[in-house]
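One letter stands for each residue in the lines below.
6 protein chains.
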Amino acid sequence: MRILVVNVNTTVSVTEAIAASARAVAAPGTEIVGLTPRFGAESVEGNLESYLAAVGVADAVARYDQPFDAVIQAGYGEHGREGLQEMLDVPVVDITEAAATTAMYLGHRYSVVTTLDRTVPLISDRLLLAGLDRRCASVRASGLAVLELERDPDRAVTAIVSQARKAVEEDHAEVICLGCGGMAGLDEKVRAETGVPVVDGVQAAVTVAESLVRLGLTTSKVRTYAAPRRKQIHGFPLEEK
Amino acid sequence: MRILVVNVNTTVSVTEAIAASARAVAAPGTEIVGLTPRFGAESVEGNLESYLAAVGVADAVARYDQPFDAVIQAGYGEHGREGLQEMLDVPVVDITEAAATTAMYLGHRYSVVTTLDRTVPLISDRLLLAGLDRRCASVRASGLAVLELERDPDRAVTAIVSQARKAVEEDHAEVICLGCGGMAGLDEKVRAETGVPVVDGVQAAVTVAESLVRLGLTTSKVRTYAAPRRKQIHGFPLEEK
Amino acid sequence: MRILVVNVNTTVSVTEAIAASARAVAAPGTEIVGLTPRFGAESVEGNLESYLAAVGVADAVARYDQPFDAVIQAGYGEHGREGLQEMLDVPVVDITEAAATTAMYLGHRYSVVTTLDRTVPLISDRLLLAGLDRRCASVRASGLAVLELERDPDRAVTAIVSQARKAVEEDHAEVICLGCGGMAGLDEKVRAETGVPVVDGVQAAVTVAESLVRLGLTTSKVRTYAAPRRKQIHGFPLEEK
Amino acid sequence: MRILVVNVNTTVSVTEAIAASARAVAAPGTEIVGLTPRFGAESVEGNLESYLAAVGVADAVARYDQPFDAVIQAGYGEHGREGLQEMLDVPVVDITEAAATTAMYLGHRYSVVTTLDRTVPLISDRLLLAGLDRRCASVRASGLAVLELERDPDRAVTAIVSQARKAVEEDHAEVICLGCGGMAGLDEKVRAETGVPVVDGVQAAVTVAESLVRLGLTTSKVRTYAAPRRKQIHGFPLEEK
Amino acid sequence: MRILVVNVNTTVSVTEAIAASARAVAAPGTEIVGLTPRFGAESVEGNLESYLAAVGVADAVARYDQPFDAVIQAGYGEHGREGLQEMLDVPVVDITEAAATTAMYLGHRYSVVTTLDRTVPLISDRLLLAGLDRRCASVRASGLAVLELERDPDRAVTAIVSQARKAVEEDHAEVICLGCGGMAGLDEKVRAETGVPVVDGVQAAVTVAESLVRLGLTTSKVRTYAAPRRKQIHGFPLEEK
Amino acid sequence: MRILVVNVNTTVSVTEAIAASARAVAAPGTEIVGLTPRFGAESVEGNLESYLAAVGVADAVARYDQPFDAVIQAGYGEHGREGLQEMLDVPVVDITEAAATTAMYLGHRYSVVTTLDRTVPLISDRLLLAGLDRRCASVRASGLAVLELERDPDRAVTAIVSQARKAVEEDHAEVICLGCGGMAGLDEKVRAETGVPVVDGVQAAVTVAESLVRLGLTTSKVRTYAAPRRKQIHGFPLEEK
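Chains as they are written, first to last, in the numbering used here: chain E, 1 to 241; chain G, 242 to 482; chain L, 483 to 723; chain P, 724 to 964; chain U, 965 to 1205; chain C, 1206 to 1446.
Okay, chain E solo, but in the shape it has when bound (with noise of 0.2 Å):
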């Protein structure tokens, strides 16, 4: 089975780390092929950039020549999702509903804790949509922006649990979601910090698309994500630079 996990951002660094996550979970057999956009932006902290993420992430998926079985978009709380599920057949798996759904089986209520206050919103609204938001108990931002967890690992877990330890205190939480992909590869540490199971959407992400794939289960076509009609389109896929 081939998994496409693809990085919402144009750094490919961030790209190989969330592969190297995908890959420590990922079944025997399974093989993870990590795509980086072409388009957008660096890191996606936005709106305005989640919507250029949007379109780099289907161009990335429309451009890549191989089979495969399913697609997970690893961007927490970005927008492009749907259109994912039009475009293809194969099931299609956003990250932040990976890791809320997972939250479900753990806890009475989840919280986020994400990097920058501005995406707070974003996931909220991606939570909302995906009728995942009944047991949210809170999104709560770490100040920290998507880059500098990769500059300085340690300063983003001192970050990410004192927002843990405060959504488990004060809104009531019983698990925790990493609510950024670039956060790969810190659960365990928030974990032993807060004593509360730690998610990671990348992770869950891979055993949900596998999951799907072992049901044999594809993206129902009958009414939202029926295939695009045929119609001219200007410039999708990109053009090559």
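To be clear, the hints were calculated from the coordinates, so they are not data collected in a lab.
Warning: the hint list may mix true and false statements.
Said to hold, decoys possible - Across the chosen pairs, the derived CB separations fall in these ranges:
id : chain 1 : residue 1 : chain 2 : residue 2 : range
1  : P       : P751      : U       : V976      : 26 to 36 Å
2  : G       : Q307      : L       : E651      : 52 to 62 Å
3  : U       : G1159     : P       : D894      : 35 to 45 Å
4  : G       : Q307      : L       : F550      : 33 to 43 Å
5  : C       : P1233     : E       : D89       : 18 to 28 Å
To be verified - In silico DSSO-like links for lysine-lysine, alpha-carbon gap of 30 Å or less:
id : chain 1 : residue 1 : chain 2 : residue 2
6  : U       : K1130     : P       : K944
7  : E       : K166      : G       : K407
8  : L       : K648      : P       : K944
9  : P       : K889      : G       : K407
10 : C       : K1371     : P       : K889
All C-beta atoms, glycine included, are put in the ideal place defined by N, C-alpha and C.
Given chain E's structure and the hints, the job is docking chains G, L, P, U and C onto it.
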């Protein structure tokens, strides 16, 4: 006051119809400028096309090199409004929301009549996110594609009236919103046939945009719609072809 | 175009302040007529007074013997709007709702800062009924009574700014609505102190009313707001004293 | 114990029917006093009339000069209950709410069958505000006006049973609430025809009021229902004619 | 009229206290019979114990061989009420719901103060299922275990009052529900300390049960609470030991 | 990895069918152990039987004396999952929830087709509690009892397909969940007839359980699902017969 009315598809004749409709209600002294994206689909009828539109619209606005006072995104149920709000200091008005807030002043519940069945969930999702869903009685599809509206306005009116009547009689709507930028100009006929107020989103949006400008109000920049952080972006604004 | 701006209390100086505020944003050609009820309380700060206001406002409008194009009910969180909609053919705009729909174009969430703590639930209830509650971050009380606002505007600004800041910092509001007709004119100062857009309900309502008139839209009469059935009524309109 | 049962319309025969129905279930030692407003409409079938009723009912209670232990507002879906709660120290029970809380003990979901279609939204709105809407399956209109119920009880039963059956079969209601004070006495017939429990709001309210008195519980005065502040009121209580 | 008041735990002294509290408000002619399950935990403070209680309570009622008119399940936030409703023809009243519907007549919002933090989600879940959550301001834990309440009532009052005050001041509750059957008799003291109405669930349930019986209303049998189908059951009612 | 798949009824042939279905999708190295409760009903079709099942399942698991890695509760819409979560350290997966979270990856809205009409509210209630209701389009009953499914699979498919079609056409479901553990093996036929993805809850639960184990995630013990406190329990685990 200059208001940019941005079509979400690449069909110039639709832009012209939208702009004409906007001008018909614009206040004296308001200049309406219609913009057509260079990127995206000739008609937007699904999520993938809608994500392309988000980027196409942002690009069209970024490329516009004259001063302006407000922007109207003239697609019903489309992605992208939040990105424009980050990118700009002037007010941004989505016609889906303008139609809804206008309708809510006129009746206890409103319905939207749109084009294809597949676009119904997009509109419902946007109303949910905007917090304008509680008094939405239904979103109904006429079964007509966007470009069919333009080609056969009589058939369009018949199909829209049929669904509007069901919305009033079965779903208890008291107001109808025309759920497609391309339905501009059909409101009078639908009103005559159904006996309830009919809201055209583009025209409603013109008055909302003018109102915000007149009140001196602009998008809040403290959190969700703060300007994008300075960072490396690949491929946007789109390159000249 | 003539718009009636109806105060909900019997204090003429408040009516005058409201009307002046309305005139400051009215379009050229819009005549603002301020009306003061003859029935009810000198300030409305609770449900009983608000129900009296509903009748006082309806009476004031019924008694007005010149043509008019729209009515604004200039009380925040008050009862009565639906009754006016039945009684009249022209649009009726409540300032609570006008402030909310305006605020929702400017930020992801808004808060209302009102007078006394006891009026908070009235405002919350009106927003819930209007279907405008989902993006309301909070309704906060400044602790000042309605008539204190007029007597001591400086203290009013201080108290309002204090709560507005909490709304932004603790409740994640991105826009503030001034939740009392008597706060007219304070918006600029609050905006300067908080750095977020501040919406004055009366001024917002003027632009909404003008917009509805300009769009040729009137209240739907098919169901909820149909004209009252012909029947015997005792004591209304109120007798001359 | 003395309970005031206040009709919302000015028709004395309706007051008498309501009071008789109340007496039929009152506990030994409970005195039921029926009050008829001097102000308002002969029947309440819309918002304007309902706002008049709010004042008419408050006036009737304010004018009553004997001691009493509780007040029942005997109109279905009407405005005014919160004002009475501020004005009085004794419990106030609205029959819309008493019917709903009673019904919720008897089945998973309940429906209300009321008079005219135009009153449906009033009832829905009151249930929403009261927080009793989640288990309401539907509010259905029999199409009969309030005073027609009195004139032709057989036709009333037929029309109510027809809608009650639809509520059970189509909306999955398991209990029916009779949604009009004037339907007093029809519950047995509707129950016999539909096979589900039928709740009469007036009778339910009598038992709720007696219960609150017996438990020694009165309206909370800490916030929403605190006594009105001392201030100048014009025209209320209404002047003697 | 005979009402069975069924304790959810196996501690006879708790049953006696509950029954005494029930008798204190029962109408003349109402006989209160306290039942203690033979199966389950000495105190119920979690889901597993609560599921055992559901079976223990059903067994205690099934085994009771005298006629009775209603059943009260005297556990706060416990499982099992729906099963009793299927098993019986007479009304079944859960004290969680009786406290909530009673509180909702007394204030705009209510809070529940319960025992241990771990039982908070159980109570929230029951209120959500019952459709009584919208006006619940909060569920707060005193930190005392069920059996500690009995052993040290003074400490219990202090801990409950402390949380009740926070509920009023921080969560804007206007009424307090005592969220444990074992808190019977503490309501007066908590009311004296907090100044808001305090509802004892057992006593509220007695009046609800009496009311339903007096109104001649019984559980709807058309769907959810129809009698169980005839089939083979192993081990229930529980065997004699 | 060993997963216990616990039937909720006492019919061994149903356990065997469920276990076989589970084995069909289990990963290599996963051992599926089917358990049948000794306590409860031969089929679970209502609340009382469901509460018995909660205890029967807990007893069956408590009595199992070998190590295991996860537990699947294989009843649709049944009580009990939260109790198992307290009792165990390993993950517990309810098939109602596993079907729902799986379906939500495949379409915008899903429906459940279950057995008897009386079980519809149980399923709706569980989805509400689990926070998975927002994207549930409907729960529909085929009208077949649990044990009829086994006796007459052809008739079962016909009845299920009929309701599944209505779910797609009338309720706008895009995915169907088979709402009974006893429907194992029917998914392929229903999918072929309806053209939409069909989710079998047992099979979905196997992949969820395996995923949680593989991710090293276990139930949060900080609050709701903390281990039961040490106390006296009567009669549980159930005595040997």
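Do the hints match the structure? See the list:
| no. | hint | in the structure |
| --- | --- | --- |
| 1 | P/P751 / U/V976: 26 to 36 Å | holds (34 Å) |
| 2 | G/Q307 / L/E651: 52 to 62 Å | violated (38 Å) |
| 3 | U/G1159 / P/D894: 35 to 45 Å | holds (43 Å) |
| 4 | G/Q307 / L/F550: 33 to 43 Å | holds (39 Å) |
| 5 | C/P1233 / E/D89: 18 to 28 Å | holds (26 Å) |
| 6 | U/K1130 / P/K944 | holds (17 Å) |
| 7 | E/K166 / G/K407 | violated (50 Å) |
| 8 | L/K648 / P/K944 | holds (26 Å) |
| 9 | P/K889 / G/K407 | holds (19 Å) |
| 10 | C/K1371 / P/K889 | holds (19 Å) |
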